[in-house]
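Colleague: Given the structure of chain A, go ahead and fit chain B onto it with the hints provided.
Quick mapping for you: the protein sequence lines, in order, are chains A and B. My numbering numbers the first residue of the first sequence as 1 and each following residue consecutively. My numbering numbers the first residue of the second sequence as 1001 and each following residue consecutively.
No wet-lab data here; the hints were simulated from the structure. Glycine included, every Cβ here is placed at the ideal spot set by N, Cα and C. Among the clues, some could well be false.
As the list claims (entries may be wrong) - Chain A is faced by these chain B residues, among others (derived, beta-carbon under 8 Å): (1) Leu1011; (2) Phe1087; (3) Thr1181; (4) Ala1188.
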Amino acid sequence: MWGFYFNELMRSLPIFLKGLWMTVSVSGLSLIAGTIIGFFWGIIRSGKGRILRRLIGAWVDLIRGTPFLVQIFVIFFIFPEAGIQLEAFPAAVIALTNLAACFICEIVVGGIQAVPSGQREAATASGLSAYHRLRYVTLPQAMRTILPPLVGQYVLIIKDSSIVSVIGVIDVTRAGWLTVQRIPEGIMVFGLVGILYFIICYPLIHLSSNLEKRMTVVATRL
Amino acid sequence: MLETFNFRVILEYMPLFFKCFSATLWLSGAGLVGALLVGTVACAIRLSQSRIVSCIAGVYIESIRSTPLLAQLYFFYFGLPSLGIMFSEEVTGIFALTLNSGAYMAEIIRAGIQSIPHGQIEAGIASGLNYFQRMRYIILPQALGVTILPLLGQSIVLVKDSSLLSLISIMELTRAGQMLTSERFMPAEGFLTTAAFYLIIYYILKGFSSWVQKRLIFREAY
Chain A
1 MWGFYFNELM
11 RSLPIFLKGL
21 WMTVSVSGLS
31 LIAGTIIGFF
41 WGIIRSGKGR
51 ILRRLIGAWV
61 DLIRGTPFLV
71 QIFVIFFIFP
81 EAGIQLEAFP
91 AAVIALTNLA
101 ACFICEIVVG
111 GIQAVPSGQR
121 EAATASGLSA
131 YHRLRYVTLP
141 QAMRTILPPL
151 VGQYVLIIKD
161 SSIVSVIGVI
171 DVTRAGWLTV
181 QRIPEGIMVF
191 GLVGILYFII
201 CYPLIHLSSN
211 LEKRMTVVAT
221 RL
Chain B
1001 MLETFNFRVI
1011 LEYMPLFFKC
1021 FSATLWLSGA
1031 GLVGALLVGT
1041 VACAIRLSQS
1051 RIVSCIAGVY
1061 IESIRSTPLL
1071 AQLYFFYFGL
1081 PSLGIMFSEE
1091 VTGIFALTLN
1101 SGAYMAEIIR
1111 AGIQSIPHGQ
1121 IEAGIASGLN
1131 YFQRMRYIIL
1141 PQALGVTILP
1151 LLGQSIVLVK
1161 DSSLLSLISI
1171 MELTRAGQML
1181 TSERFMPAEG
1191 FLTTAAFYLI
1201 IYYILKGFSS
1211 WVQKRLIFRE
1221 AY
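Just chain A, same shape as in the assembly (with noise of 0.2 Å):
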């Protein structure tokens, strides 16, 4: 019996390799979206503006205290209620976004602390403007701490990005879901869309790693 669902499994393939280009699109949009906002975010929370800080410290806390499940629950099923109609793959992109943005401003907020008040403050000394303050003093050394986590967070966010599977995206844990219907076989197919998630997040995972001991190696030889 196992030979023959594994030849149907790997009829079923293409299924998969659809599923990975969408797990892939909808995590890698929201990826770059969710940096550039979330470093937005970060740098803004990190500034002067009391009631900006504010506004942005409850709403992440909002998105980290909440499961992302219930987060895309929100997004597809409360916005139509509200006139908002959206699509599964725009309510998916735009919810992982939001919770990418989230974390990532965290850690950006995490990487801008870590830099000395001094640096900062010479800075001003020098007569640098705000903008080019951050420029050329603040993020170039705080990229240093922020860059490790930020890769470990592209992972949790790739990861992530199998929950949006239950509204309908038809990701690869989708594929896994709708072949096991047909293939009862749980291990071989999700056995499958285990490794097809492996081959996407071990390399970072590795990355995220090595750039974490790179990082100390700079640090400690200042």
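Modeller: What follows is chain B alone, placed relative to chain A:
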């Protein structure tokens, strides 16, 4: 949306929400205890001197960390019956949660133990302490300070991850929101209440972890 927000229905469903709230607490509590056990054992195996033994734990940790929980959950949910192993949904769910979080716990504990300078261990050996005494009196008390915050962070993640158990039809908070949606067509009331309950757990755990953080800084200052 908000003008039609129906608090009466929420009140009517409150008993269900409280039941599901305690189910979420119970499921994630069981998962947490299991994950701590699995994590400690996996970490001990990972730090073993023997290369092959250490490699086994490495494969477990890396394969869990590189695949999404949802895929793991489906793997066990659809996979175990095809092997002839019949568990109830709850057992399968807790099993998946435990194995998933256990891998992260193992990494956290390992980072804590490896943060102890090697001289401490050598001093312990020189004083004639055996392995368990070294662990009990030298390594673990120091490692606890490093690991407690990431462990609390992981338990927040665990509570949020338990929402995925609703997808294999376990009654818990997210499922309660889904029921309100399907029975009364009120997704806003359902999912926002669900989110509020998750936020309660999140803020309690977050408050606890910032209290711990303050205590740790206090201790270091001495």
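Colleague: Does each hint fit the structure? Answer for all of them.
Modeller: Outcome of the hint check:
Hint status for Leu1011(B): violated, given a least beta-carbon distance of 19 Å to chain A, over 8 Å. Nearest Cβ of chain A to the Cβ of Phe1087(B): about 13 Å, over the 8 Å cut. The hint is violated. With 8 Å as the threshold, the beta carbon of Thr1181(B) comes within range of chain A, its nearest partner Cβ sitting at about 6 Å, so the hint holds. The interface hint given for Ala1188(B) holds, since its Cβ lies 5 Å from the closest Cβ of chain A, which is under the 8 Å cut-off.
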